[in-house]
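The lines below spell out each chain.
There are 2 protein chains.
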Amino acid sequence: MEGKQERHQTKPIRCIVKLGGAAITCKNELEKINEESLDIVSTQLRQAMISGPSPSTKGPGMDWSKRHGESEVFCTEDDFGEDAFVDSSRFVVVHGAGSFGHFQASKSGVHKGGLGQPLVKAGFVATRISVTSLNLEIVRALAREGIPSIGMSPFTCGWSTSERNIASADLSMVAKAIDSGFIPGWRLSWMYFTLLGADSFLPPRFCMEMLCLMNYRFGPYVLGVYDRPPVEPNAVLLREIAVHDDGSWDVVKPVLQNMTKVETTVAAHDTTGGMMTKITEAAMIARLGIDVYIVKAATSYSLRALSGELRGNIPDDWFGTVIRFMS
Amino acid sequence: MEGKQERHQTKPIRCIVKLGGAAITCKNELEKINEESLDIVSTQLRQAMISGPSPSTKGPGMDWSKRHGESEVFCTEDDFGEDAFVDSSRFVVVHGAGSFGHFQASKSGVHKGGLGQPLVKAGFVATRISVTSLNLEIVRALAREGIPSIGMSPFTCGWSTSERNIASADLSMVAKAIDSGFIPGWRLSWMYFTLLGADSFLPPRFCMEMLCLMNYRFGPYVLGVYDRPPVEPNAVLLREIAVHDDGSWDVVKPVLQNMTKVETTVAAHDTTGGMMTKITEAAMIARLGIDVYIVKAATSYSLRALSGELRGNIPDDWFGTVIRFMS
Chain C
3 MEGKQERHQT KPIRCIVKLG GAAITCKNEL EKINEESLDI VSTQLRQAMI
53 SGPSPSTKGP GMDWSKRHGE SEVFCTEDDF GEDAFVDSSR FVVVHGAGSF
103 GHFQASKSGV HKGGLGQPLV KAGFVATRIS VTSLNLEIVR ALAREGIPSI
153 GMSPFTCGWS TSERNIASAD LSMVAKAIDS GFIPGWRLSW MYFTLLGADS
203 FLPPRFCMEM LCLMNYRFGP YVLGVYDRPP VEPNAVLLRE IAVHDDGSWD
253 VVKPVLQNMT KVETTVAAHD TTGGMMTKIT EAAMIARLGI DVYIVKAATS
303 YSLRALSGEL RGNIPDDWFG TVIRFMS
Chain P
3 MEGKQERHQT KPIRCIVKLG GAAITCKNEL EKINEESLDI VSTQLRQAMI
53 SGPSPSTKGP GMDWSKRHGE SEVFCTEDDF GEDAFVDSSR FVVVHGAGSF
103 GHFQASKSGV HKGGLGQPLV KAGFVATRIS VTSLNLEIVR ALAREGIPSI
153 GMSPFTCGWS TSERNIASAD LSMVAKAIDS GFIPGWRLSW MYFTLLGADS
203 FLPPRFCMEM LCLMNYRFGP YVLGVYDRPP VEPNAVLLRE IAVHDDGSWD
253 VVKPVLQNMT KVETTVAAHD TTGGMMTKIT EAAMIARLGI DVYIVKAATS
303 YSLRALSGEL RGNIPDDWFG TVIRFMS
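So the protein sequences, as listed, match chains C and P. All residue numbers for the first sequence refer to our numbering, where the first residue is 3 and numbers rise by one. All residue numbers for the second sequence refer to our numbering, where the first residue is 3 and numbers rise by one.
In case anyone wonders, no lab produced these hints; they're calculated from the structure. Treat each hint with caution, since some may be false.
Just so you know, same-sequence chains aren't split out, so a pair can sit in one copy or run between any two.
Stated by the list, open to error - Listed below are the simulated EDC-like cross-link pairs for lysine to aspartate or glutamate, each with C-alpha atoms no more than 20 Å apart in a straight line:
1) 68 with 234
2) 255 with 229
3) 68 with 318
4) 255 with 89
5) 29 with 252
6) 34 with 89
7) 109 with 81
8) 255 with 318
9) 114 with 37
10) 34 with 139
11) 68 with 139
12) 68 with 37
13) 29 with 72
14) 68 with 31
15) 29 with 89
16) 114 with 319
17) 34 with 81
18) 29 with 318
19) 29 with 41
20) 109 with 247
21) 114 with 89
22) 114 with 252
23) 114 with 234
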């Protein structure tokens, strides 16, 4: 009863959710979706979109396509009442590529540029086919869960990159999709991960309040960002990081001896398994007033992050990394 | 030898090719690609793109994704030399939906509008999933043939419709893709066929010289546009139609008794199985100086239309319908 009341008091928040490539694909098998993880993530997203009292009710599916090996088309059109919908307007989903696109990109060197060369051009086409098929499967998984999703490609939205940073972007179509009540299921990493880093996505145009990065990168016991590569013994989970006006940041929780008030320029010679870069990028977003949560996908922690219940104090029984502005 | 010389003398033309839904899918089976027809069409497109002396050589494939039931990824990266490429910059491919999207659209009534209703919104998502999967398969077929193709959705390109006509369109990304040497594989019928008629696509921005509509609508013996529904006895194939300055048009070949100098306003009360509407739309395009060919897909006639050899006189042994401007 108490839990329900708390749920009602939680203010709905506008949120960008990034599904890490390793969280939704099987990293060690080429072009293989992690169906179980993707299904759980989709269910959690649906639960987070329901502000009413029945978060466990599954909605009518919106993927009415044939599945492989079946001749019938699956359709649930009789189930659609006026209350059939989730409030998806507060969410944008982006995703990494995982085991899709990687092979094609590395075979052709497409991430290094040089589209004039035949092999690179072919690799561009091959990479795009691979990540498009992943994007379609993610949209289908969300649609099966009853979330109205529209797949969008940064390429056709006028995105372009220069030296791996976003040079130009026209987000009007994303805004239009959201205004129409659709949730854009976006593959920011349309061109293999390095070309267009999903984490450098800038959300303020949508007045987003939260960026939730769902990871699964280093195995089942890694819950967020650590002070050193998490495979090392004594690696400590950084649970709360405060970002200041001048862009510098502190680890607030737990209190560490060697890592307080680290300057962002440290990122250039990162020795902590890429995580310093991750914190620096997250800090840039947090400075805009957008809380950043880095959390293990498909866990109770990711569900709680999506629900918005962590906006105030971080409970002791929640594990993950929160990066937020504190003036 | 003579044939080869003729080939060299043919001037390459800029062309929009529309693959009719019935030409690339199995009309009577839900979400089923007509693999044979699609493969032939792709091969013909590749042949039309080669201006050199070896039109029959198949290029190295660009679909390096896993196929169903196979664990290995197919990749031909060793085959890419400097001469591996076709000149795809002269082509834009658009396609209909056929047996994809139709079921989802009619179940939900999405073609009638009303996205605020839950069932219509779900139908929009379901339809889009279905036609996106078709688009991906077409891009893969073109890529397997060695044609560098990029799938683009009108939705994400800023297209919008009003009363089934195109209200606004930003084609800059299509132009950009062409400039980069990619062939956009576009599904104009992203939202079931009636919402955004592929035939109302206006090509002059690309200085296109030819629009090739590849049909397969009324069975194997229908080669173009007829003077009455082609299932009727005595139906006559209209082989050449001349469009005039004032928008009116004549059937030039063969000479008909009841159908000369028909005004375009006739389209409103069309009694010839929708074909009068087709001619009227084609005439609007032809008036811009763009030859329109309506031809049966995957035949020697479609290959000859794509090659550009019909730009002058129409040979007696070519069957199809040509609609073009004659001042």
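Each hint tested on the structure:
1. 68 with 234: The answer is neither: 46 Å in one copy and 36 Å across copies each exceed 20 Å.
2. 255 with 229: Result: close within a single copy only, 12 Å intra versus 80 Å inter.
3. 68 with 318: neither (45 Å within a copy, 45 Å between copies)
4. 255 with 89: neither (34 Å within a copy, 59 Å between copies)
5. 29 with 252: neither (33 Å within a copy, 63 Å between copies)
6. 34 with 89: neither (30 Å within a copy, 34 Å between copies)
7. 109 with 81: Between copies only: 12 Å across chains, 47 Å inside a chain, cut-off 20 Å.
8. 255 with 318: within (11 Å within a copy, 84 Å between copies)
9. 114 with 37: Neither, since 31 Å and 35 Å both go past 20 Å.
10. 34 with 139: Both. Shortest intra-copy (11 Å) and inter-copy (18 Å) distances satisfy the 20 Å Cα cut-off.
11. 68 with 139: Cα proximity of residue 68 and residue 139: in one copy and across copies (13 Å, 14 Å).
12. 68 with 37: both (17 Å within a copy, 17 Å between copies)
13. 29 with 72: Classified as between; 18 Å across copies, 28 Å inside a copy.
14. 68 with 31: Answer is between; shortest inter-copy Cα gap is 11 Å, intra-copy 25 Å.
15. 29 with 89: neither (32 Å within a copy, 37 Å between copies)
16. 114 with 319: neither (43 Å within a copy, 51 Å between copies)
17. 34 with 81: Neither: 32 Å inside a chain and 26 Å across chains, both beyond 20 Å.
18. 29 with 318: neither (31 Å within a copy, 59 Å between copies)
19. 29 with 41: within (17 Å within a copy, 33 Å between copies)
20. 109 with 247: neither (43 Å within a copy, 54 Å between copies)
21. 114 with 89: neither (40 Å within a copy, 24 Å between copies)
22. 114 with 252: Neither: 35 Å inside a copy, 56 Å across copies.
23. 114 with 234: Neither. Shortest intra-copy (31 Å) and inter-copy (60 Å) distances fail the 20 Å Cα cut-off.
In the structure shown, a violation is registered for the earlier hints numbered 1, 3, 4, 5, 6, 9, 15, 16, 17, 18, 20, 21, 22 and 23, in ascending order.
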